[in-house]
Amino acid sequence: MLLISAALLSLVAATPLKRQTQVPETANASSPIATIYPKSANGKGVTVQGIVRPKEDFDSYLGIPFGQPPVQDLRWKPSQLYSYDNTTTINGTDYRQACMQLSLFGADSPTPDNAGAAGTSEDCLFLNVFTPKGASSSQNRLPVWVSIYGGGFLSGSAQAGDPVNLIPTANSFGLPVIYVTFNYRLGGFGFVSGPQFAKSGSGNLGATDVTTALQWVQENIEAFGGDPKRVTIQGQSAGASQVSLQYLQPDLELFQYGIIQSGAPSLSTLGPIAEVQPEAWNRFFELLNCSHTQENQVQCAQKVETKKVVDTYTQLFKEFNRGNLIGQTIDGKILPETPYALLGQGRYAQRPFIVGDVTDEGTVFASATNESTFIQSVQGSGLFTRSNDTVAKILELYPDNPAEGSPYNTGDNLFNKTSTYKRSASYAGDTTFQVARRNWLDVTHSQGFTQTWNYEFAHVAANVGANPAQGIFHGAELNYTRGRPTEGKSWWVEEDINFCKAYLEYLLRFIYQGNPNQVVDDKAIIGSTNITTDQFVTWPTYNGPAERNTILLKAEGRSVVKDDFRSQQFDFINSVNTQYSH
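Residues 1 to 582, numbered by my numbering, are exactly what the sequence shown covers, in order.
Any given hint could turn out to be false.
16 Å max Cα-Cα, derived EDC-like pairs, lysine to aspartate or glutamate [said to hold, decoys possible]:
hint	residue 1	residue 2
1	K333	E279
2	K44	E219
3	K501	E556
4	K562	D442
5	K318	E279
6	K44	D57
7	K39	D85
8	K39	E219
9	K199	D331
Have a look at the derived ranges for each label pair, beta carbon to beta carbon [claimed, not checked]:
hint	residue 1	residue 2	range
10	F572	N86	28 to 34 Å
11	V576	D57	35 to 41 Å
12	D85	S30	27 to 33 Å
13	D227	G346	24 to 30 Å
14	Y37	D57	25 to 31 Å
15	T35	W491	15 to 21 Å
16	E396	N467	26 to 32 Å
17	P250	E295	56 to 62 Å
18	A392	K199	23 to 29 Å
19	E319	Q535	55 to 61 Å
20	E295	E371	49 to 55 Å
21	Q379	Q80	40 to 46 Å
Since the hints were derived computationally from the structure, they do not count as laboratory data.
All C-beta atoms, glycine included, are put in the ideal place defined by N, C-alpha and C.
Go ahead and model the full structure; you've got the sequences and the hints to work with.
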């Protein structure tokens, strides 16, 4: 589906979350230690010195290198596992720098807002491991939750996922986990395209970082108390796309389960790498003074200082269509064909997954303000140019009727905006997220794979980020995924806390057993059965187009409903999918 990076660029700015910057404690004699034995250490142990978080009663191991620094000759190359041959000790007491990125507040903003306190660097392939206190010395191996951040392939860092509330909450449920976050390359260092990068094999580099991080987890997580045979990968938005890409590489056996929040395999693929805005990438090398060199243009650009590269791809965002400039591409390796084709051929990992969207996915991306700008957005450009017949049908299926627009179920209320806003929001949410999700579920079900669970997230905190014009906006679930309402601060009301516990119970049970329910095969599963204050609702598997089982996640209670909204629109968009996704 069409994923507009420019729109995703505004995600955090438009999605207020309660963000916490946890200052790690200082290591001392009682600090936790984990000893890893990576293959590159040739049998030698490498000691990772962590820190105790006494207030939350868990251990943190921060800033562990998992990939070789992607600098100089390794810039724009697939990542490689870190070489520990000369390493004996790792100081894991502080977060390390995030990857280079653009600010989510705009290309002209000098300081990336989502990078974390450690700043940014090309040398950024670090991960963090969080465990219940003493887990590294326990014989009991716990399930592993690997979380992948979003940010439109342009911004984000592992530090944003600090589980200051999540780990204690999971412990209190009797469902403790090992939690892992990591950085992956972004923007002009991680998701480039054009003929030059096609020739050098530089497609989907950020996705290779994800694979490398998961390889590191398989090799080393036991040292921290984790079970490499029980790894769940979870991501939201661009992070969900990264999870989906792992599903499209079925030969990799690096995880067992997946949680995909606002994303799907056919989401955000720009097209064949060599065909994506070649004029923009020709300009990129021209600005780097590498367009007329006798050597390979990419090799020339590898020698350019980091700031110059950042300034140059920032300039591209000003000169060209930024929405179709940075993102996943068909590179012949990670994506040998379109995601639609791979799904249709059954070329994906048949492993249990949860997938879902928020109710109003498109409100933070709605840019059209009148009929003319809406038509322009529907027409598209470049590889995403739509036919006149397609445009005419879309205008019919998404009429200028506020009662049918997003935020949904708000009648004719325009929220002091034009009527086109709600029309544009509905169209953007469907073509960017909703259609891809339902298509994945239908395709897998038609091929006999039924270990899938579908949801609609329909709650937003009244006192945290609520904006009536945005409804249940893209990213609204993140506070709850990270357990933040359980922190007990005054801005979280009781319904937020109870809803958060109910939501996390589903996720944690899925991480434990590949099924989000309390009872599986007539057997009660590990963990308390009194986690939530309200009645637990059994979440059925998705059962195909006939009934389309989904769970509606609301603070007032959970219910099983039919996921059949806007079916006529979805069917049409799927019928012309090559005009939306490549």
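Right, here's what the structure says about each hint:
1. Taken as a hint, the K333 and E279 pair is broken in the structure, with Cα atoms around 23 Å apart against an allowance of 16 Å.
2. Taken as a hint, the K44 and E219 pair is honoured in the structure, with Cα atoms around 14 Å apart against an allowance of 16 Å.
3. For the suggested pair K501 and E556, the alpha carbons sit about 13 Å apart, so the restraint of at most 16 Å is met.
4. A distance of roughly 13 Å separates the Cα atoms of K562 and D442; the hinted pair therefore holds under the 16 Å criterion.
5. This hinted pair checks out: K318 and E279 have alpha carbons roughly 14 Å apart, not beyond 16 Å.
6. Between the alpha carbons of K44 and D57 the distance comes to roughly 30 Å, so the proposed pair goes past 16 Å and is violated.
7. Between K39 and D85, the direct Cα distance comes to roughly 9 Å. Compliance with the 16 Å bound is thereby established for this hinted pair.
8. In summary, the hint linking K39 to E219 is supported, as the alpha carbons are separated by about 8 Å, within the 16 Å threshold.
9. Pair hint K199 plus D331 holds up; C-alpha atoms about 10 Å apart against a cutoff of 16 Å.
10. Hint check: F572 to N86, Cβ distance near 59 Å, so the stated range 28 to 34 Å is violated.
11. Checking the proposed 35 to 41 Å range against V576 and D57 shows it is violated: the Cβ atoms sit about 53 Å from each other.
12. Checked against the hint of 27 to 33 Å, the pair D85 and S30 passes, with Cβ atoms roughly 30 Å apart.
13. Range check, D227 to G346: about 29 Å between beta-carbon atoms, so the 24 to 30 Å window is met.
14. The given range of 25 to 31 Å is respected by Y37 and D57, whose C-beta atoms sit roughly 28 Å from each other.
15. The hinted range of 15 to 21 Å is not satisfied by T35 and W491, whose Cβ atoms lie roughly 42 Å apart.
16. For the pair E396 and N467, the beta carbons lie near 30 Å from each other, so the given range of 26 to 32 Å is met.
17. Take P250 and E295: their Cβ atoms lie about 38 Å apart, and the range 56 to 62 Å is violated.
18. For A392 and K199, the hinted distance range of 23 to 29 Å is not satisfied, since their beta carbons lie about 40 Å from each other.
19. Checked against the hint of 55 to 61 Å, the C-beta distance between E319 and Q535 comes to roughly 56 Å, which is consistent with it.
20. For the hinted restraint 49 to 55 Å between E295 and E371, the CB-CB distance of approximately 51 Å keeps it satisfied.
21. In this structure the hint that Q379 and Q80 lie 40 to 46 Å apart at CB holds, the actual value being about 43 Å.
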